[in-house]
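Enquirer: Residue numbers (my numbering), protein chains in the order written: chain A, 1 to 304; chain B, 1 to 291.
Possibly wrong hints are sitting among the right ones.
[What the hints assert, rightly or not] Mimicking DSSO-like on lysine-lysine, the simulated pairs with C-alpha atoms at most 30 Å apart in a straight line are:
id	chain 1	residue 1	chain 2	residue 2
1	A	Lys82	A	Lys14
2	A	Lys168	A	Lys123
3	A	Lys126	A	Lys82
4	A	Lys82	B	Lys287
5	B	Lys224	A	Lys69
6	A	Lys168	A	Lys126
7	A	Lys82	A	Lys123
8	A	Lys14	A	Lys69
9	A	Lys14	B	Lys287
[Claimed, not checked] Listed next, with one range per pair, are the computed distances between beta-carbon atoms:
id	chain 1	residue 1	chain 2	residue 2	range
10	B	Arg37	A	Met1	58 to 66 Å
11	B	Val260	A	Thr59	53 to 61 Å
12	B	Gly166	A	Ala66	35 to 43 Å
[As the list claims (entries may be wrong)] Sample of chain B residues lacking proximity to chain A, with all beta carbon distances greater than 10 Å (derived):
id	residue
13	Ala60
14	Gly89
15	Pro120
16	Val139
17	Gly166
18	Thr214
19	Leu223
20	Trp227
21	Phe229
22	Ser237
Simulated from the structure, these hints should not be mistaken for laboratory data. The beta-carbon is built from N, C-alpha and C at its ideal position, and this holds for glycine as well.
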Amino acid sequence: MIEATHLTKRYGAKTAVDDASFTVRPGIVTGFLGPNGAGKSTTMRMIVGLDRPSSGAVTLNGTRYAELKAPLREVGVLLDAKAVHPGRSARGHLLALAATHGIPRSRVDEVIHLTGLDAVAGKRVKGFSLGMGQRLGIAAALLGDPATLILDEPVNGLDPEGVIWVRKLARHLASEGRTVFLSSHLMSEMAQTADHIIVLGRGRVIADAPVAEIVASATGQSAVRVRSPHADRLAAAIAGENGTATADASGLTVTGIPAERIGELAARDGLVLHELTPVAGSLEDAYLALTQDEVEYHAGGEAA
Amino acid sequence: MTATTETTRPTASALADAHLTAGGILRSEWVKLLTLRSTWWCLGVIVALTAGIPLLISLAIGDAQALPGDAGADFGYYNWMNATVLPVGFSVLAAAVLGCLVITGEYGTGMIRSTMTAAPGRLGALLAKALVIGAVIFVASFVALVIGAALSGAVLGAKGYTIDPGDGRVWVTLLSAAGYPALVAVFSVGVGAIIRNSAGAIASVLGLLLVVPTILQLVGALLKADWAFDVGAFLPSSLGTTMYTPVIDLGGMSFSQGSVELAPWSAALAMLAWAVAALAGGAALVKRRDV
Chain A
1 MIEATHLTKR YGAKTAVDDA SFTVRPGIVT GFLGPNGAGK STTMRMIVGL
51 DRPSSGAVTL NGTRYAELKA PLREVGVLLD AKAVHPGRSA RGHLLALAAT
101 HGIPRSRVDE VIHLTGLDAV AGKRVKGFSL GMGQRLGIAA ALLGDPATLI
151 LDEPVNGLDP EGVIWVRKLA RHLASEGRTV FLSSHLMSEM AQTADHIIVL
201 GRGRVIADAP VAEIVASATG QSAVRVRSPH ADRLAAAIAG ENGTATADAS
251 GLTVTGIPAE RIGELAARDG LVLHELTPVA GSLEDAYLAL TQDEVEYHAG
301 GEAA
Chain B
1 MTATTETTRP TASALADAHL TAGGILRSEW VKLLTLRSTW WCLGVIVALT
51 AGIPLLISLA IGDAQALPGD AGADFGYYNW MNATVLPVGF SVLAAAVLGC
101 LVITGEYGTG MIRSTMTAAP GRLGALLAKA LVIGAVIFVA SFVALVIGAA
151 LSGAVLGAKG YTIDPGDGRV WVTLLSAAGY PALVAVFSVG VGAIIRNSAG
201 AIASVLGLLL VVPTILQLVG ALLKADWAFD VGAFLPSSLG TTMYTPVIDL
251 GGMSFSQGSV ELAPWSAALA MLAWAVAALA GGAALVKRRD V
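One chain only, chain A, in its complex shape (with noise of 0.2 Å):
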């Protein structure tokens, strides 16, 4: 369980992470979405002390990070796969961590065949691909066999396999009870994982909410695609009923009205529909939707 209550975080002018709250619980996968250079990764260090809040705070079970007796049995983080030594072999550098906690040589190398790594583990990590990285920084979060576990972006550089293993592992990782906190830029990638998901955008809190209910939310929004030999006409109805139609080539984008009262108008008017669908609005559209003004840094644009 995790627990951040107005956490906040301030660089000189900057506000990286502003008053955020939010509550990590244990036994689910809980996504920790927002676009890039919103605030996650600072929020991440928070958890676990490397970066000490403004004001606000952050608790493990109760406990703030720097007080547990056995961190890396409470917690197993991943912050990027760059907190390594190049220099050092992949078994040197989980036995280093090891040792600070007294866990035994057989549980390194557990973990060591837990993650994959058993071929590279004597070699130095200078020579490592992305993605055999990603998978120490996993071994090393696995180490102490903790009760919550926080991965930063863990999916970033693996191979479509990797992505899949992750995944899996991030699953059976939270139905073993554990609390599961994965961040990532990538909507797609938290829908497929995540049970709750955690929005965060110019380091505010901007949805706290189960995947379905994010989803649904989206839906409210929808548009209906129809196509017909009348839109002119069915367009006119449409407006006088407060909806919003716009055309394109192919036919119209209604908006502000269900799609049941679309058939309704045009049956009243007797004009003839070739097309009615719902766009059902994915979570991706969702997340777009929530975060489209907190994006800091958009393609080819201005800051926002």
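Fit chain B to the given chain A structure using the hints.
Expert: Same frame as chain A, but now just chain B:
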């Protein structure tokens, strides 16, 4: 690729009492030091210089004059130990580099984040680094000095010098000559913690050891400024020389410039103060700053 359907739980219950301990943090820093090649390069340089140079010097030294009794013992001790401790002036540079790298290497690579999440008290990890590197440099230097003394002693003994390993002064000299680079390494850990960048930290420490003394010497000589010599006597390089250079009674002759004349043990204390001060400064910043 391993299927993740197998359990992620440990097969042994040995993890149950695993927790963070001071001894564990020390062991971790020990493992970290020994699992990097840069460590072995630096230690190799230290041992090769410290054990090898005395042999070359002793081969170059001429035969002993015949001196009676105590004078002969003093003369033998003086030449033997001077030949033995001379390379410390070079090996200390490798100790300084290694001391910096122990911590700046972690900042440079991101390893520091793993270190500080495993030991979130932060100061434990910093102190463990200083202790481990200090101890390793001390032991490696001492062993190399003993080897160097044995080699040069054998050569000098054959040239008629009085070589007496039973002379207590010999061991005090060897221990001091090992202590100086160890303290410089600890000092370097402190500087590394403050600067957090390998190039910057190494340049600072080597500058202090090599460049600052020369500048003070120049200022002192050109401006006839005694204060420059007095300050210079408290620089690590001078303190080190004072700590381990063999001293014999030369009948009232003195080569010191300025008004400061430190005893070897007070020089050792002053060097310890440098190390503690740098470490304290580093500790305060490491505790306060974000990792």
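Enquirer: Sort out whether A/Lys14 lies within 30 Å of A/Lys82, counting only the CA atoms.
Expert: 25 Å, holds
Enquirer: Report holds if the minimum CB distance from B/Gly89 to chain A is greater than 10 Å, and violated otherwise.
Expert: Its Cβ never comes within 10 Å of chain A, the nearest being 28 Å, so this holds.
Enquirer: Keeping to a limit of 30 Å between CA atoms, is the pair of A/Lys82 and A/Lys123 held or broken?
Expert: Roughly 16 Å between the alpha carbons, so the hint for A/Lys82 and A/Lys123 holds.
Enquirer: Taking 30 Å as the top limit, are the C-alpha atoms of A/Lys168 and A/Lys123 close enough?
Expert: 27 Å, holds
Enquirer: Minimum Cβ separation between B/Leu223 and chain A greater than 10 Å?
Expert: 44 Å, holds
Enquirer: Does the alpha-carbon distance linking A/Lys126 and A/Lys82 stay inside the 30 Å limit?
Expert: 10 Å, holds
Enquirer: Between A/Lys14 and B/Lys287, is the straight-line Cα distance small enough, at 30 Å or below?
Expert: 23 Å, holds
Enquirer: Minimum C-beta separation from B/Thr214 to chain A exceeding 10 Å: can you confirm that?
Expert: Non-interface label stands for B/Thr214: nearest chain A Cβ at 34 Å, farther than 10 Å.
Enquirer: B/Gly166: least C-beta distance to chain A exceeds 10 Å?
Expert: 41 Å, holds
Enquirer: Test the statement that B/Phe229 is away from the interface with chain A: the closest C-beta pair must be farther apart than 10 Å.
Expert: It holds; B/Phe229 is separated from chain A by about 43 Å at its closest Cβ, greater than 10 Å.
Enquirer: Between A/Lys168 and A/Lys126, is the straight-line Cα distance small enough, at 30 Å or below?
Expert: Given pair A/Lys168, A/Lys126 holds - Cα atoms ~27 Å apart, limit 30 Å.
Enquirer: Using the beta carbons of B/Val260 and A/Thr59, state whether their distance is inside 53 to 61 Å or not.
Expert: Distance hint for B/Val260, A/Thr59 holds at roughly 55 Å.
Hint violations for this structure: numbers 5, 8, 10, 12 and 15, all remaining hints satisfied.
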